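Colleague: Chain residues, written in single-letter form:
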Amino acid sequence: MATKILIPTPLRPYTEKKDAVDAEGKTVGELLVDLTTKHTGLKAHLYNDQGHLRSFVNVYVNDEDIRYLQKEQTPVQPGDTVSIIPSVAGGAPAGAEKGYDPFSTAGVAEKGSYPFSRAKTGPDRELPSLTNDEIKRYSRHLIMPEVGMEGQRKLKAAKVLCIGAGGLGSPAAMYLAAAGVGTLGLVDFDVVDFSNLQRQILHGTPDVGRSKLASAKDRLTTLNPEITIATHEVALSSQNALELFDPYDIILDGTDNFPTRYLVNDACVLLRKPNAYGSIFRFEGQASVFATKDGPCYRCLYPEPPPPGLVPSCAEGGVLGVLPGIIGTIQATETIKLIIGVGEPLIGRFLIFDALRMRFRELKLRKDPDCPVCGTHPTVKQLIDYEQFCGIHPAPEPTSVQNIQNNATEISSIELKQRLDRGDPLKIVDVREPNEYQINRIPGSVLIPLGDVPRRYQELDPDEQIVVHCKMGTRSAKAADFLRSVGFKRVLNLRGGVLDWVDKIDPTQPKY
Amino acid sequence: MRVTVRFFARLRDIAGAAELARDVAPGATIGAVWRELAGEFPELVPYERSISSAVNADYARMDDVVGDGDEIAFLPPVSGG
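The listed protein sequences correspond, in order, to chains A and B.
For the first sequence, the numbering used here gives the first residue as 9, with consecutive numbering after it.
For the second sequence, the numbering used here gives the first residue as 84, with consecutive numbering after it.
Same shape as in the complex, but just chain B:
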């Protein structure tokens, strides 16, 4: 099962890409996809509790299950003004 991951703001800098494709196990949650990526990019780890996520442009929770072909977005909060 393949998903597209989209990073925003600082997360994009850390991952070095705005978009990545990853194979995930059937039944994987957004949280599982995130932790996989955090293993790959350890600098992502501290963001886990602060990010919000979306599946196919719909706000989602970390325990939501993803499907084949889904686009998962991870957004850190930003505070600048």
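The following block holds chain A by itself, in its conformation from the complex:
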């Protein structure tokens, strides 16, 4: 009975481009002899001059390396799958055995057409030529048939807009710049903060306090002076998004909040531009390509945004610094594949990465015919108010001092300090997590993490004056609502959280 042998891309030119072929034999050795008899071109790639299997050719039976089984004597059962996996060095000049060049092949690229409509001049936009300096710079691309001169010229012609020059935007923009994407746009309006440096590798310590775009432009220009960097120092909004996106071919969503995510999605659908999407939380990341012609969009997956405050941001929930490095480079990879038109894009697939378990999972996604923006009968035909859509309303200004005193639900750091100095009896309840409590705290506070409040509120006196706080005030607002709901009469939320306390009252404590 024939056994299926999986053939890696570099060897497919010798198997009539087939990715799997059948061979006969009772052991791996016999199978490989039969294989190289049927496909003689493979012989020099699998065996050395002495007729031994080359050291860098790994052969697996199902998921097991034959080196740890019985090598070439490993028996093969009906139904087994045998895989040939040549090592792919990458990164440095390989000290490979002579006479073997796994990439000295041509015609293996799976060349496709552009899955997006080219901006301005359409798909027939003439491709620019490459200068000698560019040819030298991009040589590792040019020698791969999947990219080659044509692919590199497509990259040079391409215009990509990165939304956000932060965690995801940093690695994405750096790799896209290095890869030679001709026009790289960046949208951001923030300044570099010390707390960004743990992951936003576009920016360095001397950049703290500078505009992120100025810092990004310097870094990207150093990386590749051949390309054009277009900086858009604005807050992306429903008023400017369509105009801003229009000149670009692909949008890379590296933003950090839900209103902007829905805005980017809808604008991409309306303009028919692919959205190379990525998002991160603590140790987990997600990536996909949305809003292509026949593919699903973000709203097919998440039709409704979560209520405000339910899903913590990176500032509230934390994030592993390297995580945006992984997800952002996946976004850059997908962007480059779309531009060149090779491989299988991450369309209709939702990739979930778990860094703690080091595991990738994939969900199949379909375009939802009932999707309000990309479905068959869309109800969203222009950009809407995304802050409102996500339930975020501007905080109403207190109308009078009287009003504050009567309906006070909040207290300022300064007022809290005054009350403490006066010796007013009050209990300060810190609802952050224990690891945050170790960084800074308000003296005399007790720690009851938000998740424990429903179980532990009976430790508190419902008649006592209680001040709840967290890092910035969102979690403690929820704790305050809960305490009031179970009968606590005098609960105040510390406005601005412990960060405001450190700023105004005790600057000797660290901030995070």
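Calculated from the structure, these hints are not laboratory results.
Do not rely on the hints blindly, as some may be mistaken.
Unchecked claim - Footprint (simulated), chain A over chain B, 3 or more residues, beta carbon under 8 Å: (1) 86 to 95; (2) 106 to 118; (3) 132 to 145.
To be verified - Here are some, though not all, of the chain A residues that point toward chain B, as calculated from beta-carbon distances under 10 Å: (4) Leu176; (5) Asp261; (6) Val327.
For clarity, every value in this text was computed on a predicted model and none was experimentally measured.
Using N, Cα and C, we set each Cβ at its ideal position, and we do this for glycine too.
Here the structure of chain A is known, so what remains is to put chain B in place on it, guided by the hints.
Modeller: Same frame as chain A, now just chain B:
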């Protein structure tokens, strides 16, 4: 009928586990499985309208019926960048 439930991101923290096995009634929908779990872990309740779900790695809707041995995944949206 037994199903495996897989939680992601914040939902995993709330449930205290990445994976749980649960017995469900034949003909149960994903929504029924979710509500059962939300009864067990009340902090899940506010996520109901915002999550997406999948059965055996295929995107699914809350009113889809689950089968014996299915793996049901619940994913909250995340916005970090």
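Colleague: Each hint needs a verdict: does it hold in this structure or not?
Modeller: Hints and how they fare:
no., hint, in the structure
1, 86 to 95, "holds (count 3)"
2, 106 to 118, "violated (count 0)"
3, 132 to 145, "holds (count 7)"
4, Leu176, "5 Å, holds"
5, Asp261, "8 Å, holds"
6, Val327, "6 Å, holds"
Of the numbered hints given earlier, the model fails hint 2 alone.
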